[in-house]
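Assemble the whole structure, with the sequences as input and the hints as a guide.
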Amino acid sequence: MNKILYKKQLSETVFLMRVEAPLIAEERKAGQFVILQLDNEYGERIPLTIADADKTEGSITIIFQVVGKSTTDLAEKAEGDFIETIVGPLGTPTHIKNYGTVVCVGGGIGVAPLHPIAQALKAAGNKVITIIGARNKELLILEDEMKAIADEFVVCTDDGSYGRKALVTEPLKEFCEMDPKPDMAIAIGPPVMMKFCAETTRPYEVYTEVSLNTIMVDGTGMCGGCRVNVDGKAKFVCVDGPEFDGHKVDFDNMISRLNSYKKFESDAHNCRLDQQIKEKEEAAL
Amino acid sequence: MSFIPKEKLAEDAKKILAEYEGRENELKTRDRMKIPPQMMPAQDPDVRRNNLEEVATGYTEEQARLEALRCLQCNKKTCVSDCPVFIEIPGFIKMVAEGNFEGAIKQIKTTSLLPAICGRVCPQETQCQQNCTVGKALKDVDKGVAIGRLERFIADWERASGKVQIPDVKPETGKKVAVVGSGPAGLVVAADVRREGHQVTIFEAFHKLGGVMRYGIPEFRLPNEIIDQEINTLAKMGVEFKTNFVVGRTRKLMDLIEKDGYDAIFVGTGAGLPYFMGIEGENLVGVFSANEYLTRANLMRAFEKGKADTPIFESKRVAVLGGGNVAMDAARMAVRLGAEKVYIVYRRTEKEMPARVEEVHHAKEEGIDFRLLQNAKRIIGTEDGRVKAMECLKYELGEPDASGRRRPVEIKGSEFILDVDTVIVAIGNGSNPLISQTTPDIEVNKWGNIIVDDTQKTSVNKIYAGGDIVLGAATVILAMGEGRKAAESINKQLAEELAEVPA
Numbered sequence: 001m002n003k004i005l006y007k008k009q010l011s012e013t014v015f016l017m018r019v020e021a022p023l024i025a026e027e028r029k030a031g032q033f034v035i036l037q038l039d040n041e042y043g044e045r046i047p048l049t050i051a052d053a054d055k056t057e058g059s060i061t062i063i064f065q066v067v068g069k070s071t072t073d074l075a076e077k078a079e080g081d082f083i084e085t086i087v088g089p090l091g092t093p094t095h096i097k098n099y100g101t102v103v104c105v106g107g108g109i110g111v112a113p114l115h116p117i118a119q120a121l122k123a124a125g126n127k128v129i130t131i132i133g134a135r136n137k138e139l140l141i142l143e144d145e146m147k148a149i150a151d152e153f154v155v156c157t158d159d160g161s162y163g164r165k166a167l168v169t170e171p172l173k174e175f176c177e178m179d180p181k182p183d184m185a186i187a188i189g190p191p192v193m194m195k196f197c198a199e200t201t202r203p204y205e206v207y208t209e210v211s212l213n214t215i216m217v218d219g220t221g222m223c224g225g226c227r228v229n230v231d232g233k234a235k236f237v238c239v240d241g242p243e244f245d246g247h248k249v250d251f252d253n254m255i256s257r258l259n260s261y262k263k264f265e266s267d268a269h270n271c272r273l274d275q276q277i278k279e280k281e282e283a284a285l
Numbered sequence: 001m002s003f004i005p006k007e008k009l010a011e012d013a014k015k016i017l018a019e020y021e022g023r024e025n026e027l028k029t030r031d032r033m034k035i036p037p038q039m040m041p042a043q044d045p046d047v048r049r050n051n052l053e054e055v056a057t058g059y060t061e062e063q064a065r066l067e068a069l070r071c072l073q074c075n076k077k078t079c080v081s082d083c084p085v086f087i088e089i090p091g092f093i094k095m096v097a098e099g100n101f102e103g104a105i106k107q108i109k110t111t112s113l114l115p116a117i118c119g120r121v122c123p124q125e126t127q128c129q130q131n132c133t134v135g136k137a138l139k140d141v142d143k144g145v146a147i148g149r150l151e152r153f154i155a156d157w158e159r160a161s162g163k164v165q166i167p168d169v170k171p172e173t174g175k176k177v178a179v180v181g182s183g184p185a186g187l188v189v190a191a192d193v194r195r196e197g198h199q200v201t202i203f204e205a206f207h208k209l210g211g212v213m214r215y216g217i218p219e220f221r222l223p224n225e226i227i228d229q230e231i232n233t234l235a236k237m238g239v240e241f242k243t244n245f246v247v248g249r250t251r252k253l254m255d256l257i258e259k260d261g262y263d264a265i266f267v268g269t270g271a272g273l274p275y276f277m278g279i280e281g282e283n284l285v286g287v288f289s290a291n292e293y294l295t296r297a298n299l300m301r302a303f304e305k306g307k308a309d310t311p312i313f314e315s316k317r318v319a320v321l322g323g324g325n326v327a328m329d330a331a332r333m334a335v336r337l338g339a340e341k342v343y344i345v346y347r348r349t350e351k352e353m354p355a356r357v358e359e360v361h362h363a364k365e366e367g368i369d370f371r372l373l374q375n376a377k378r379i380i381g382t383e384d385g386r387v388k389a390m391e392c393l394k395y396e397l398g399e400p401d402a403s404g405r406r407r408p409v410e411i412k413g414s415e416f417i418l419d420v421d422t423v424i425v426a427i428g429n430g431s432n433p434l435i436s437q438t439t440p441d442i443e444v445n446k447w448g449n450i451i452v453d454d455t456q457k458t459s460v461n462k463i464y465a466g467g468d469i470v471l472g473a474a475t476v477i478l479a480m481g482e483g484r485k486a487a488e489s490i491n492k493q494l495a496e497e498l499a500e501v502p503a
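Top line first, the protein sequences correspond to chains A and B.
Counting in the numbering used here, the first sequence tops out at residue 285, every number present.
Counting in the numbering used here, the second sequence tops out at residue 503, every number present.
These aren't lab readings, by the way, just hints derived from the structure by calculation.
Keep in mind the model is a prediction, meaning the values are calculated, not measured.
Incorrect hints may appear among the rest.
[What the hints assert, rightly or not] Some, not all, of what chain A presents toward chain B, calculated at C-beta under 8 Å:
1) Glu27
2) Glu41
3) Glu44
4) Pro89
5) Pro93
6) Tyr162
7) Asp218
8) Gly221
9) Asn229
10) Ala234
11) Ser256
12) Arg257
[Claimed, not checked] With a straight-line cut-off of 30 Å between C-alpha atoms, the simulated DSS-like cross-links for lysine-lysine are:
13) A:Lys262 to B:Lys259
14) B:Lys208 to A:Lys69
15) A:Lys3 to B:Lys176
16) B:Lys208 to A:Lys3
17) B:Lys15 to B:Lys28
18) B:Lys307 to A:Lys7
19) A:Lys55 to B:Lys252
20) A:Lys69 to B:Lys316
21) B:Lys208 to A:Lys235
22) B:Lys208 to A:Lys29
23) A:Lys3 to B:Lys446
24) B:Lys377 to A:Lys233
25) B:Lys242 to A:Lys3
26) B:Lys307 to A:Lys69
27) A:Lys29 to B:Lys307
28) B:Lys446 to A:Lys55
29) A:Lys7 to B:Lys208
30) A:Lys262 to B:Lys305
31) B:Lys341 to A:Lys262
32) A:Lys235 to B:Lys252
33) A:Lys262 to B:Lys394
34) A:Lys233 to B:Lys305
35) B:Lys259 to A:Lys233
36) A:Lys69 to A:Lys262
37) B:Lys259 to A:Lys29
38) B:Lys377 to A:Lys235
39) A:Lys233 to B:Lys394
Note that beta-carbon positions come from the ideal geometry of N, C-alpha and C, so glycine has one too.
Given below as structure tokens:
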């Protein structure tokens, strides 16, 4: 049982929670995730990235978007309530070192997992360029936190309601065209956004890491439900990832796998959002 | 063999037993050989296709006593030497024949800790029953004494009688042992080590205990209630459980010794890494590892639609690849989840199938279509990436290979299409790499199995391993056998350490 210590609504559908999990707080590293479950009998196991951790308090921070039944139930929990199961930290941590200049691109809820990685990269001595974006101002999260660690900072919205009116791929392209070009990029966000970030950097040969959030059950390599094609081979997101070379990931297959249960779920995953982004991204290219 | 209702089996047994009542010990070999082998009563196939309740319902008292009377009490006792934990089989069977069920369970429990489980899931036909004199004489291994069914009967009798004995625990020694994984190997280690008075903590990655017995083997073959009872017994002995704890991630293996003060560790993390075929189309929507399919249905309770939040694929036509118990479980689960047509696709013949004979028999009764000497070549998808068919190839048996089994050889040009919307891959599991990845000092072989010496000790001091993580995917009883051996070594290590402490 893990107590919810703090809860804050970041946007209409996005929530932040600080939850008691002392062992995970102690062990977790940037890039790792947890699986949580609200009810051990009938609950679903939901993978969520660890956005932050506080060893002293013994807590981790999770940020999630309401997309289906389980995340709706989670959003209804209040401070002082309990989450029955949290297991982790899972996944291979991000390989943090001084690469030189790194562009960190976060889209929508993807800014949450990006934050600890950007933080760690900064601490390792990298020049950190940050681009964050969302459909509109209302959906932007962690702007101040990201700004605080960035050497250069760009914020954009699809509709121009805040910051630059652009998709994140536009400023990313501009940074790639600079001399010297960035040594590396990290893109985390909706699958379609990551796909197009990888396509943007490909011609410039800027190595681009993406963090995938696929369907999974156990998170320890046992079910294989999370498998993705990377460079023609099946890789498990839970143990081989969640981070992969974005230029080698078969995003189309991954996106179709994400929709595996869509037609069975009455409370379907909110893919309308992905669809809209896709249309815009395609129009932009 | 056609289906015979359990009422009829019970009634027949009652009548026959009456003829022998009172002269159990006077029967000659000739008399014993005449007793008809007792069939396992089962739910009607048409009924059980729609429920998760246990298929095999277990012998009645009369059936058990009658079956026990078939045992010749021969001197060879190959049954004992062929049992991985050397249960004194003729001894307990004699007591069953006499109606001394309490004596029988005591006898079994001196060597086997989980008889209700082993009686259900052991492959008896390749172990204790394989060389049974009765079966040899009748030239049919299935007509040997049904040792597993008797073991199960006795264990179930004990549970129903409410007389389950909690093993004695010696006074506390102050030593602490960590058991990683709560599958069959881990449970046995926990029990044997706890009995010596050492403190034991079992760490389990999932939210429920039992390992493969919980997430893999379905309720209709091994009810959760049975696993719960074994775990309750351990809890009553004072074993501590930590679920949702992934050793290697939540805490490093070495930290359990260095930071948390455990004196020894047993690693029983199993073979939970599913193999795939490596064929075209395997990542299409509708292709699952048997692990995923069964975990969703069993552990996550997706069978209970409307109650469970975890979704499961709604299939009409399913192909299961493989011929082991896991393949049978997945196929039979698909039937219960409402599939209209379920195939087992296996590239050898039924003789080579590793599945238990009883499971194959039950699967056939439930209408599963066995496609033998056939194998998947590629999986064909729709435009939006979902399975629409599977291309297969036909095979024939060629020369024997290194394992002595005749090698399946593909027949060129024999391609054909199987119309399916779901493919479940059940061709085996590799060892789970989490421990070896996060514990660099521990030696593994090229398949990732942890290397142990003949006392189950790994390359790292104080760390032992056993079960599928050492053997590769095997059986519950072999895992238990390894657990037994590991516990003995751990107990020895701790006893030596305790002896060294100055008084």
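Cross-check of the supplied hints:
The interface hint given for A:Glu27 holds, since its Cβ lies 6 Å from the closest Cβ of chain B, which is under the 8 Å cut-off. The beta carbon of A:Glu41 is positioned within 8 Å of a beta carbon in chain B (closest approach about 7 Å), and the interface hint is therefore held. Annotation: interface hint on A:Glu44 holds; nearest CB of chain B at approximately 4 Å, less than 8 Å. Residue-level restraint check for A:Pro89 holds (minimum Cβ-Cβ distance to chain B is 6 Å; threshold 8 Å).
Taking 8 Å as the C-beta cut-off, the interface hint given for A:Pro93 is violated, the closest approach to chain B being about 10 Å. The restraint placing A:Tyr162 at the interface with chain B is violated, with a minimum CB-CB distance near 35 Å, outside the 8 Å limit. The restraint placing A:Asp218 at the interface with chain B holds, with a minimum CB-CB distance near 7 Å, inside the 8 Å limit. Given the 8 Å rule on beta carbons, the hint for A:Gly221 holds: about 5 Å separates it from the nearest Cβ of chain B.
Satisfaction of the interface hint for A:Asn229 is found here, the shortest Cβ-Cβ separation to chain B being roughly 6 Å, below the 8 Å cut-off. Annotation: A:Ala234 was flagged as interfacial toward chain B, and the flag holds, the nearest CB pair being 6 Å apart, inside 8 Å. Annotation: A:Ser256 was flagged as interfacial toward chain B, and the flag holds, the nearest CB pair being 3 Å apart, inside 8 Å. Of the supplied interface hints, the one on A:Arg257 holds, with its beta-carbon coming within about 6 Å of a beta-carbon of chain B, less than 8 Å.
Straight-line distance between C-alpha atoms of A:Lys262 and B:Lys259 comes to about 45 Å, which puts the hinted pair past the 30 Å bound. About 22 Å separates the Cα atoms of B:Lys208 and A:Lys69, which keeps this hinted pair within 30 Å; it holds. Our distance criterion of 30 Å between C-alpha atoms is met by A:Lys3 and B:Lys176, whose separation comes to about 29 Å. The straight-line distance between the Cα atoms of B:Lys208 and A:Lys3 is roughly 20 Å, inside the 30 Å bound, and the hint therefore holds.
Taken as a hint, the B:Lys15 and B:Lys28 pair is honoured in the structure, with Cα atoms around 20 Å apart against an allowance of 30 Å. Using a Cα cut-off of 30 Å, the hinted pair B:Lys307 and A:Lys7 holds, with the two alpha carbons roughly 28 Å apart. For the suggested pair A:Lys55 and B:Lys252, the alpha carbons sit about 17 Å apart, so the restraint of at most 30 Å is met. For the suggested pair A:Lys69 and B:Lys316, the alpha carbons sit about 26 Å apart, so the restraint of at most 30 Å is met.
About 27 Å separates the Cα atoms of B:Lys208 and A:Lys235, which keeps this hinted pair within 30 Å; it holds. Proximity of B:Lys208 to A:Lys29 is assessed by CA-CA distance (about 26 Å); at most 30 Å being required, the pair is judged to hold. For a cut-off of 30 Å, the pair hint linking A:Lys3 to B:Lys446 is broken: about 43 Å separates their Cα positions. Taken as a hint, the B:Lys377 and A:Lys233 pair is honoured in the structure, with Cα atoms around 17 Å apart against an allowance of 30 Å.
A hinted pair counts as satisfied when its Cα atoms are at most 30 Å apart, and B:Lys242 with A:Lys3 qualifies at roughly 17 Å. With a C-alpha separation of about 12 Å, the suggested pairing of B:Lys307 with A:Lys69 holds against the 30 Å cut-off. Between A:Lys29 and B:Lys307 the CA atoms are separated by roughly 35 Å; this puts the pair beyond 30 Å, and the hint is violated. Only pairs whose Cα atoms come within 30 Å are accepted, and B:Lys446 paired with A:Lys55 is rejected, the gap being roughly 38 Å.
Annotation: proposed proximity of A:Lys7 to B:Lys208 holds, straight-line Cα distance about 28 Å (limit 30 Å). With a CA separation close to 16 Å, the supplied pair A:Lys262 and B:Lys305 stays within the 30 Å bound. Distance hint between B:Lys341 and A:Lys262 is fulfilled; the C-alpha atoms sit about 23 Å from each other, no more than 30 Å. For a cut-off of 30 Å, the pair hint linking A:Lys235 to B:Lys252 stands: about 23 Å separates their Cα positions.
Between A:Lys262 and B:Lys394 the CA atoms are separated by roughly 35 Å; this puts the pair beyond 30 Å, and the hint is violated. With a C-alpha separation of about 34 Å, the suggested pair A:Lys233 and B:Lys305 falls outside the 30 Å cut-off, and the hint is violated. Proximity of B:Lys259 to A:Lys233 is assessed by CA-CA distance (about 38 Å); at most 30 Å being required, the pair is judged violated. At most 30 Å may separate the alpha-carbon atoms for a hinted pair to count; A:Lys69 and A:Lys262 meet this at roughly 13 Å.
Proposed proximity of B:Lys259 and A:Lys29 is supported: the alpha carbons are some 19 Å apart, at most 30 Å. Taking the CA atoms of B:Lys377 and A:Lys235, the gap is about 21 Å. The hint holds against a cut of 30 Å. Pair hint A:Lys233 plus B:Lys394 holds up; C-alpha atoms about 27 Å apart against a cutoff of 30 Å.
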